[in-house]
Amino acid sequence: MLRALLRVRQRPEEVAHFVQTAGLVRAARLVARALGEPPPRPRDCPEWLVAVMDHCQARICRMDAEEAPEPREVGALEAALSFVEAMPASKEEEFQSLLALIEVAPYVFGPRRARFTALSGEEQDAHLQSWELSRLEGKRAGFRGLKSVAMMGFWTRPATFGWIQYSVAENPGVPERLRQEWAKREAVEREGVDHG
Amino acid sequence: MAELPTGMISACEGREPLKLSAQVVVVGLGAGGGMVLRELADRGVDVLGVELGDYFSPEDMTLAEEEMLPRLFLEGASRATVDMSVSVMQGMGVGGSTLHNTSLCKRLPQGILDEWERLGLTGLGEELREDFEAVEEALNVHRIPDDRVNRNNELLLKGVEALGYQGGRLAYNRKLCQASGFCEVGCPNDGKENAARALVLPALKVGARVLVHARVDRVLHQAGAVVGVRGRARDPETGADGVPFEIQADAVVLSASAPNSAALAMKSEVPDPKGLIGSRLHMHPGAFVMGVFDEPVQGWLGVPQSAECTEFLEFGKGAKRRVWLVSGFAHPGAAAGLMPGFGPAHGALMGLYPHVAAVIAMVHDHYGGRVAPGPAERVNLYYGLPLSELEQVALGMREAARILFAAGARQVILPTAPPRLVEDMTEAAQLTAADLGPFSPPLVAVHPMSTMWMGVDPETSVVDPFGAHHLLKGLHVADGSLFPSSIGGPPQIPIYALARRVARAISL
Ligand SMILES: Cc1cc2nc3c(=O)[nH]c(=O)nc-3n(C[C@H](O)[C@H](O)[C@H](O)COP(=O)(O)OP(=O)(O)OC[C@H]3O[C@@H](n4cnc5c(N)ncnc54)[C@H](O)[C@@H]3O)c2cc1C
Chain A
1 MLRALLRVRQ RPEEVAHFVQ TAGLVRAARL VARALGEPPP RPRDCPEWLV AVMDHCQARI
61 CRMDAEEAPE PREVGALEAA LSFVEAMPAS KEEEFQSLLA LIEVAPYVFG PRRARFTALS
121 GEEQDAHLQS WELSRLEGKR AGFRGLKSVA MMGFWTRPAT FGWIQYSVAE NPGVPERLRQ
181 EWAKREAVER EGVDHG
Chain B
1 MAELPTGMIS ACEGREPLKL SAQVVVVGLG AGGGMVLREL ADRGVDVLGV ELGDYFSPED
61 MTLAEEEMLP RLFLEGASRA TVDMSVSVMQ GMGVGGSTLH NTSLCKRLPQ GILDEWERLG
121 LTGLGEELRE DFEAVEEALN VHRIPDDRVN RNNELLLKGV EALGYQGGRL AYNRKLCQAS
181 GFCEVGCPND GKENAARALV LPALKVGARV LVHARVDRVL HQAGAVVGVR GRARDPETGA
241 DGVPFEIQAD AVVLSASAPN SAALAMKSEV PDPKGLIGSR LHMHPGAFVM GVFDEPVQGW
301 LGVPQSAECT EFLEFGKGAK RRVWLVSGFA HPGAAAGLMP GFGPAHGALM GLYPHVAAVI
361 AMVHDHYGGR VAPGPAERVN LYYGLPLSEL EQVALGMREA ARILFAAGAR QVILPTAPPR
421 LVEDMTEAAQ LTAADLGPFS PPLVAVHPMS TMWMGVDPET SVVDPFGAHH LLKGLHVADG
481 SLFPSSIGGP PQIPIYALAR RVARAISL
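Protein chains in written order, with my numbering: chain A, 1 to 196; chain B, 1 to 508.
Read the hints as simulated data drawn from the structure, not as lab findings.
Computed from a predicted structure; not experimentally measured.
Each residue gets a CB set at the ideal place from its N, CA and C atoms; glycine is no exception.
Fair warning: there could be bad hints in the mix.
Some chain A residues near chain B, calculated using beta-carbon distances under 10 Å [as the list claims (entries may be wrong)]:
1) 20
2) 65
3) 177
Okay, the calculated bits of chain A under chain B, using three or more residues with CB under 8 Å as the criterion [what the hints assert, rightly or not]:
4) 50–61
5) 88–101
6) 108–117
7) 130–140
Next comes chain A alone, as it looks inside the complex:
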């Protein structure tokens, strides 16, 4: 790391950025080791980090209305993970590292000595909010990245379209071939939710 640090140009903001990203990845590896879990692994996200993403997404995208779609019922997690997999591998590693830190942060900083995934829903919300509104820019940045990915996974599921009266199939500017494909997708996913 020191050699890499010496290689970057010696401007303060570059050094700070290098320390921040390299530090994030290193810290996540340490966390993984301490928890006895596999470290972040681009293109093959370890199960425990998938679980963190699942918990985060369930809270971030939760709507609490009776007829509203549920992230866990509509395939939002898979969509979010494949969105992250399309990033450069180094970015994906940083994203997984962020998940590792979210998982361990409550253990270190409270509210109680438990991993994020072991907290109650309300505790998880409070924890996520502490990242969203943190005085530390790095935490706010982490929350922004997490929220974008979670939302991208959820609000692109056709099962959510009804909630926002959005439809690709009913868009007259879309070519007929695609309208038909989307009509099927939108119907199948709506059904899936109705009967799920």
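Position chain B with the ligand relative to chain A; hints supplied.
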């Protein structure tokens, strides 16, 4: 993966390292690169375009946001400033950012030309007008017809008119447009006269060659002159590195976009005694302000952008008001990321999505950030808005709110942290720069520029007024990097026009 047109090959095809040669290599095939490729091919030059991304045919556009955004945008649509406070959206693929841009067209404003003339740039009058005219003809630029202004844009125009502000309908470069509204996710109708359709494909027909799935990592130079480029194949599905390639050439044109061209020049140790390369990054950072209307707006239907407000857009060093206001829209996945908050409160705001009209307040930034190379195609963008620019963001957000209220909005969402949901202008008018900072609001930039700017003096500029590098023979720049300042408006037409003149000035 689409079948590649004749003349286009994939660097991922073979297993052996690739060795090629050409008179001119063009790195990146977006607005600037597409234009140079076409101009040189028309002149009979042996020109080879090298593009990092994929080739897309209209059939490849699935309209699935989460699938298409990572395929069409650099860094899987996750590029941002290093502090993550500004998302930076840039295209990747044959056509570059013009593949998924919203096709607004405008020449350089007179105020900018005057500023550039004061910096010593020449040939900005009649000669540049000729370039603009040629570009507009090649790209079918025309005023956006009445029936192509969707409700989102009508509301912007209504507000602008009610307030007596300057503004109106813009021009665009479309021909086969069916108003699907999927411009930013990849047009399924081939509706735009973008760089791929209007420039690269015709260039292939007259002998140009294109290598796709190929990332240039280094410009090769010896004894003060370029001798070619080298890089690696990039798998379009996984992003993984593939075989190396090397191309010998007499001239290299950097058209990889302002961040990537500068990063590539830095990695290649292009002579830069004053440390200018990458040091004047502008990007028109923009804040989304959303108005909630009783009527349905359904911003996803029709042409996404067609109207502007220029009331607060002044040029020149002492300009006090530097905001360009345009309509804004995003499909649900991206829109949800911009809506403030999370959980049920956020879900309730998303419920308003069909009733939301949005205005983007884009700052004509005087502040300049900095570019540094990252691994592979990643680029580190250092850009932290100082107070002077935050004041412009605040001005833009207040005026966007005023326009939305004047158009009949019952509520305006100012996406600060925490968000302000305001019912009238008295509340919105209280917003100041002191309320803003990183992530408040989340900013989006789609116009990075000015990293290797033109000028007459090698001490204060990187390339000459025709894009030739001051110090390295055979190196030319033809993309958004060229602008000596931010331009306060849509950059594609100025980039096309300047690239045309760069191409015409290349002598072999
Ligand atoms: C969402 C969005 C909407 C926009 N709307 C408008 C609009 O309405 N009007 C307007 O005027 N402008 C608009 N723009 C901006 C405009 O499209 C860009 O400013 C313009 O295309 C930039 O041209 P360029 O030549 O500098 O780079 P680009 O067009 O971005 O092309 C650069 C190309 O270089 C490739 N590349 C990068 N690195 C390498 C490498 N190392 N090796 C090989 N290839 C490489 C990239 O993959 C890319 O294809 C929009 C942009 C976005 C993102």
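Evaluation of the provided hints:
1. A cut of 10 Å between beta carbons decides the hint on residue 20(A): the least distance to chain B is about 8 Å, and the hint holds.
2. With its C-beta approaching chain B no nearer than about 7 Å, residue 65(A) sits inside the 10 Å limit, and its interface hint holds.
3. Annotation: interface hint on residue 177(A) holds; nearest CB of chain B at approximately 9 Å, less than 10 Å.
4. With 3 residues having a beta carbon nearer than 8 Å to a beta carbon of chain B, the segment 50–61 of chain A meets the requirement of three or more and the stated coverage holds.
5. A count of 4 residues in the segment 88–101 of chain A with a Cβ less than 8 Å from any Cβ of chain B is obtained; the coverage claim is therefore met, three being the minimum.
6. Counting residues of the segment 108–117 of chain A whose C-beta sits closer than 8 Å to any C-beta of chain B gives 0, which falls short of three, so the coverage hint is violated.
7. Remark: the segment 130–140 of chain A is confirmed as covered by chain B, as 4 of its residues place a Cβ nearer than 8 Å to a Cβ of that chain, reaching the required three.
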